[in-house]
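Residue numbers (our numbering), protein chains in the order written: chain A, 128 to 433; chain B, 128 to 433.
Don't take every hint at face value.
Copies of the same chain look alike in the list, so a pair counts if it works inside one copy or between any two.
The calculated BS3-like cross-link candidates involving lysine-lysine, where the alpha carbons are at most 30 Å apart (straight line), are [to be verified]:
| no. | residue 1 | residue 2 |
| --- | --- | --- |
| 1 | K189 | K408 |
| 2 | K287 | K191 |
| 3 | K211 | K235 |
| 4 | K287 | K313 |
These are computed hints drawn from the structure, not numbers from a lab.
There are 2 protein chains.
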Amino acid sequence: MSSMLVVGSVALDTLHMPSGHFPRVLGGSATFASLAASLYCPVKLVGVVGNDFPDHGIALLKSKSIDLTGLEVVDGKTFHWEGKYADDLSSRDSIATELNCFADFHPKIPAAHCATPFVMLGNIHPSLQVEVLDQIERPKLVIADTMNYWITGAPDELKKMLKRIDLLVINEEEARQLAGITNIRKAARELRAMGPRLVVIKRGEYGAMLFDGEDIFSAPAYPLEEVLDPTGAGDSFAGGLLGYIAQQGTVDDSTLRRAVIHGSVVASFLVEGISVDRLAKVTQADVGMRYAAFAKLAHFATTAEL
Amino acid sequence: MSSMLVVGSVALDTLHMPSGHFPRVLGGSATFASLAASLYCPVKLVGVVGNDFPDHGIALLKSKSIDLTGLEVVDGKTFHWEGKYADDLSSRDSIATELNCFADFHPKIPAAHCATPFVMLGNIHPSLQVEVLDQIERPKLVIADTMNYWITGAPDELKKMLKRIDLLVINEEEARQLAGITNIRKAARELRAMGPRLVVIKRGEYGAMLFDGEDIFSAPAYPLEEVLDPTGAGDSFAGGLLGYIAQQGTVDDSTLRRAVIHGSVVASFLVEGISVDRLAKVTQADVGMRYAAFAKLAHFATTAEL
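Work the whole structure out from these sequences, hints included.
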């Protein structure tokens with residue numbers, strides 16, 4: 128089994144949900160991705176928090192054997208995001224984004240982590256994502272997440288980053304925006320032409336698609352009856368996806384397809400709780416059972432049987 | 128192999144598409160559904176046209192061995208719909224809906240058709256759908272399509288119809304509207320409580336879902352690079368779905384899942400042409416190849432392989 132490096136934000140989120148108010152709960156792309164990946168492989172986290180970061184947060188990450196050598200603790204406050212979700216959770220408004228100690232963050236990869244074979248660049252400024260790659264040996268696979276904020280705010284840096292990664296994870300609408308193309312198949316081809324060999328498009332409750340050359344894999348989403356909090360679903364998806372690849376140690380088509388399902392499995396658990404509450408309790412047995420539910424959900428006879 | 132009865136509209140459509148203007152081309156729910164089903168089983172069509180209906184329309188239906196005993200030809204004009212699509216085909220506006228001879232239509236099922244084992248009630252007024260069932264012996268399976276127009280315009284008649292069918296085919300947004308529930312799994316349960324044992328929810332470019340008790344099947348959509356005309360996609364889907372079931376003669380879970388894929392296969396061809404142009408040219412070999420493409424699109428190892 129290989130290990131995996133995650134670089135991204137570690138945050139405290141204040142969530143206004145239909146189910147209640149949740150002040151200063153654990154959040155951040157690296158937090159969600161690390162916890163998701165820890166179900167599959169050893170994880171090393173690189174990020175920054177202030178000295179207000181709660182002990183229970185550190186304890187939770189350590190309880191999942193996540194290596195925190197690369198987690199800086201600095202004087203000051205942790206990145207804090209406050210948001211309010213719509214009643215049906217289909218949209219959210221940012222109330223406050225306080226970068227705090229994250230404003231001056233530059234990832235420093237500990238020497239012992241520089242040869243980690245699988246690397247996830249969480250959803251942070253693309254220049255910071257590139258700084259990570261400048262510090263490490265060429266990994267077996269680098270995946271990166273991004274969002275509309277960087278597509279419009281740092282397009283040149285984003286394009287530089289795309290040339291240096293293997294797999295881009297991106298939302299459907301943002302894929303269209305970045306490619307400038309509505310048709311999803313053509314948009315994926317355009318994104319691949321920008322650098323990454325593989326593109327995974329997240330479609331929320333409609334699942335995810337993997338584009339590998341002209342091969343396409345369409346994964347369903349698990350139809351949950353109750354979703355409590357979608358915050359971090361994309362980060363958990365990417366973390367579970369790469370964590371599974373790191374566990375298997377290979378990047379062939381069959382492994383990639385299973386990895387997309389594992390990412391979907393982990394994300395489906397994450398959204399069942401507030402913040403990391405549900406994800407933190409998921410067991411390997413839970414993963415196996417929900418994977419089987421995905422298989423049942425998607426199965427049909429592969430011959431037309433006319 | 129069993130045969131199938133289709134009752135619905137036969138129309139002439141004037142289409143304003145990004146790719147051009149197409150006056151008075153073939154349309155109508157029964158036209159699309161019959162042509163789709165004819166790939167799989169013998170089809171009997173019940174509907175009405177005026178004496179302006181073009182000979183090439185009749186010739187096309189006959190060339191697919193569709194039984195037109197139940198197609199009335201009356202003095203007057205054929206149902207005519209005119210619509211304009213958005214540039215990305217994601218929405219359309221009705222410019223004109225001229226019911227013409229369809230205004231007084233009451234389906235008359237020829238005596239020879241009254242024992243047809245598989246029946247599709249195309250998207251027409253729910254009272255007309257019920258009139259069909261009043262004239263025939265209890266079939267093995269009845270499926271019906273409906274739309275927002277009837278949900279808001281004839282809710283009581285719609286509820287009576289739902290109590291008498293086995294399978295409801297409905298768009299995702301209309302499923303939510305009819306059930307009054309946003310969560311798709313709960314909405315499907317509510318729809319099943321209204322009558323139909325089976326519910327199939329159409330999600331356009333996101334595929335389709337089959338709800339059978341607590342069993343759920345999620346089918347992908349085929350990611351096409353070029354869509355010319357989505358008119359009739361839902362009708363073709365339902366026609367292909369029931370046509371396949373009639374061909375197989377059974378309604379078990381495995382057949383139902385394959386039927387949803389076959390419906391998706393046929394609809395994916397339909398939208399590649401204007402009106403019925405592409406659908407009319409589809410061969411069984413084409414169906415087999417695209418079914419295989421769906422299988423490849425959706426395939427992943429069914430064990431988690433942790």
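Comparing the hints with the structure gives:
Taking the closest pair of Cα atoms, K189 and K408 come within 30 Å of each other only inside a single copy of the chain (14 Å); across copies the shortest separation is 62 Å, beyond that limit. Taking the closest pair of Cα atoms, K287 and K191 never come within 30 Å of each other, the shortest separation being 34 Å inside a single copy and 56 Å across copies. In this assembly of identical chains, the alpha carbons of K211 and K235 never lie at most 30 Å apart, being 33 Å within a copy and 56 Å across copies at closest. Taking the shortest alpha-carbon separations for K287 and K313, only the intra-copy value of 21 Å comes in at or below 30 Å, while the best inter-copy value is 45 Å.
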